[in-house]
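Chains as they are written, first to last, in numbering that gives the first Met the number 0: chain D, 0 to 286; chain R, 0 to 280.
Hint data in this document are derived by calculation from the structure and do not stem from the laboratory. Computed from a prediction, not measured in an experiment: that's the story for all the values here. Hints are not guaranteed to be accurate.
Stated by the list, open to error - These stretches of chain R come out as covered by chain D in the derived footprint (C-beta under 8 angstroms, 3 or more residues):
(1) 32–44
(2) 55–61
(3) 145–159
(4) 179–191
(5) 194–207
(6) 229–239
(7) 244–253
Yeah, the Cβ is synthetic: ideal placement off N, Cα and C, and Gly gets one too.
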Amino acid sequence: MRQFFQRHPLIVLVIPLGMVFYFVYVGLAWNILVSLSGWTGLRVDYSFKGFGNYLRMLDDSVFWLSLKNTLLLFAIIPICVVLGLFLAVILDKGLKGTNFFRNVFLLPFALSFVVTGTLWAWMYNPANGIINSLLRAMGLGFLAGTWHTAQETVMPAIILALVWQFSGYASLIFLAGLKSVPENQVQAAYLDGASSLKVFWRVILPQLKAPLTTAIVVIAMYALRSFDFIWVLTGGGPGYSSHTLSVMMYRETFLSTRYAYGAAIATALLVLVLLLIVPYTYRTYRR
Amino acid sequence: MAGALPLSKTQKLLHALYYMLLFIFAVFYLLPFWGAVTTSLKSSAEVFTTSPLSFPEKLTLEGYRAAFNHLKKPLLNSLIITAGGTFFSVLLGSICGYAFAQYRFKFDNVIFVLVVSAIFLPYQAILVPLFQTIRRLGLYDTVWGLILAHTAYGIPMMTLLFRSFYGDIPRCIVQQAMLDGYRPWAIYRRIILPSTKIATVTAVVFQFASIWNELLFSLVLTGYDAMPATVSLNQMMGTLAAEWNVQMAGSMWLALPILVLYIIMGKYLIRGYMAGSVAAT
């Protein structure tokens with residue numbers, strides 16, 4: 000045994016690699032198996048039922064609403080990118096106290112969605128929450144809204160809160176990108192008589208491709224997987240109005256104990272992630 | 000560059016504008032926290048009679064006491080789960096990172112891509128099998144069930160982080176050590192680990208924060224006994240819906256370890272965010 004270990008020292012890798020293989024790849028296959036079964040209720044049931052769950056999904060208006068809301072959350076990507084870039088440019092001016100402001104902007108990203116979800120429930124509380132109280136105090140009481148408690152406003156409310164949570168992260172990524180743009184290129188462009196706007200568009204922005212991709216992919220992943228924040232703030236409600244695929248999957252599987260149907264919804268979510276990630280990873284790891 | 004020359008009038012004006020913008024955005028990012036802190040320090044009665052942004056007329060820790068009574072056990076559970084999950088995922092991820100950074104073996108690139116791709120896994124897609132596995136192992140509603148889950152799903156990110164950190168160590172140092180007769184894991188213990196302490200701290204801080212903050216696995220894999228604080232706080236919103244001072248105090252209890260971490264080790268947390276995303280690009 001000892002000798003075997005000495006001859007093949009890398010054999011220890013079997014433990015972590017085995018765990019990843021089992022919990023990720025076996026898990027994915029197993030989930031697809033469940034999605035093809037008729038398992039409802041607490042009793043485990045793997046009897047093969049074909050694609051019934053998928054057909055049912057295509058016929059389920061809650062599924063289409065959840066898909067729409069999941070894609071709607073992508074709205075946070077351009078907003079976070081523009082806001083993050085804007086903040087990064089100001090933070091890159093070399094002013095005193097820059098680190099302090101950067102840390103303040105990033106603070107929401109460090110905290111649990113359970114904390115931020117609870118905080119925003121209080122922000123949005125229609126009766127005496129922070130936003131409505133603030134509006135009334137400013138004499139803008141007519142703007143006081145229903146926010147996350149009404150069907151029409153719940154998705155914009157979620158999007159605003161998620162922008163609050165992720166834009167600081169985007170600005171951090173862009174700030175690092177801006178710092179790596181060679182100073183002499185910028186200087187040279189100015190000496191050639193380019194305006195600062197032109198320098199930004201022609202010299203700086205093209206060099207931010209890598210951080211841009213990073214920010215987009217990371218935020219898109221959060222948007223696709225977003226469960227925690229929505230679950231805490233609205234639970235998917237009112238009604239079904241803030242259901243995303245991940246919320247719907249959790250509800251169907253663990254609250255309604257329709258395991259097979261939940262597994263099918265999870266597969267749909269997986270396909271969506273693969274559509275986004277495969278081209279990206281392919282490009283990244285081809286090198 | 001900025002401080003070297005005396006500022007012209009336009010530059011001064013511009014700087015004032017920048018500070019004003021930074022300040023406005025700081026208010027936007029801090030507003031929910033300010034509201035939470037003031038509300039958490041008020042009595043239940045005062046919450047209803049005053050603006051949520053006003054400073055408490057009479058400071059009271061009533062909310063913090065009530066929330067702590069509610070969250071006592073879950074906070075302890077969270078601490079155990081986070082410590083265990085952090086330890087094992089960092090240890091195993093570091094071993095993987097070392098192997099992928101310094102050795103060539105069969106299919107190493109394929110295996111590496113397979114491991115790292117799991118970073119993008121939508122957890123719903125393995126949730127039913129995970130639930131079944133943990134139940135069959137008899138680990139449902141135990142801290143060990145969650146430690147196992149957090150370890151398994153933490154390995155991919157940790158592998159990526161450590162591979163990029165250990166990749167910075169010149170290959171010739173490791174090769175020299177091998178010529179000197181050191182075995183791979185002796186090199187790991189004596190050369191790699193001591194020279195990359197910052198990497199380990201970064202990984203530990205990063206994992207601690209992500210496991211402490213997690214909700215989905217905790218919701219699915221625990222009932223009452225091993226319930227972490229995230230689930231408990233979420234339940235509090237249902238049972239104490241009107242007691243906003245208690246809820247805000249509860250949020251503060253849950254945020255406290257992360258806030259402390261952010262203040263004293265923010266540098267490492269930020270390094271972790273950066274390394275994670277830059278390595279992925």
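The hints, checked one at a time:
1. 32–44: holds (count 4)
2. 55–61: violated (count 0)
3. 145–159: Holds: 7 residues of the region 145–159 of chain R have a Cβ under 8 angstroms from chain D.
4. 179–191: holds (count 3)
5. 194–207: Violated - the region 194–207 of chain R has 0 residues with a Cβ nearer than 8 angstroms to chain D, which falls short of three.
6. 229–239: holds (count 4)
7. 244–253: holds (count 5)
Consistency note: the structure conflicts with the earlier hints numbered 2, 5.
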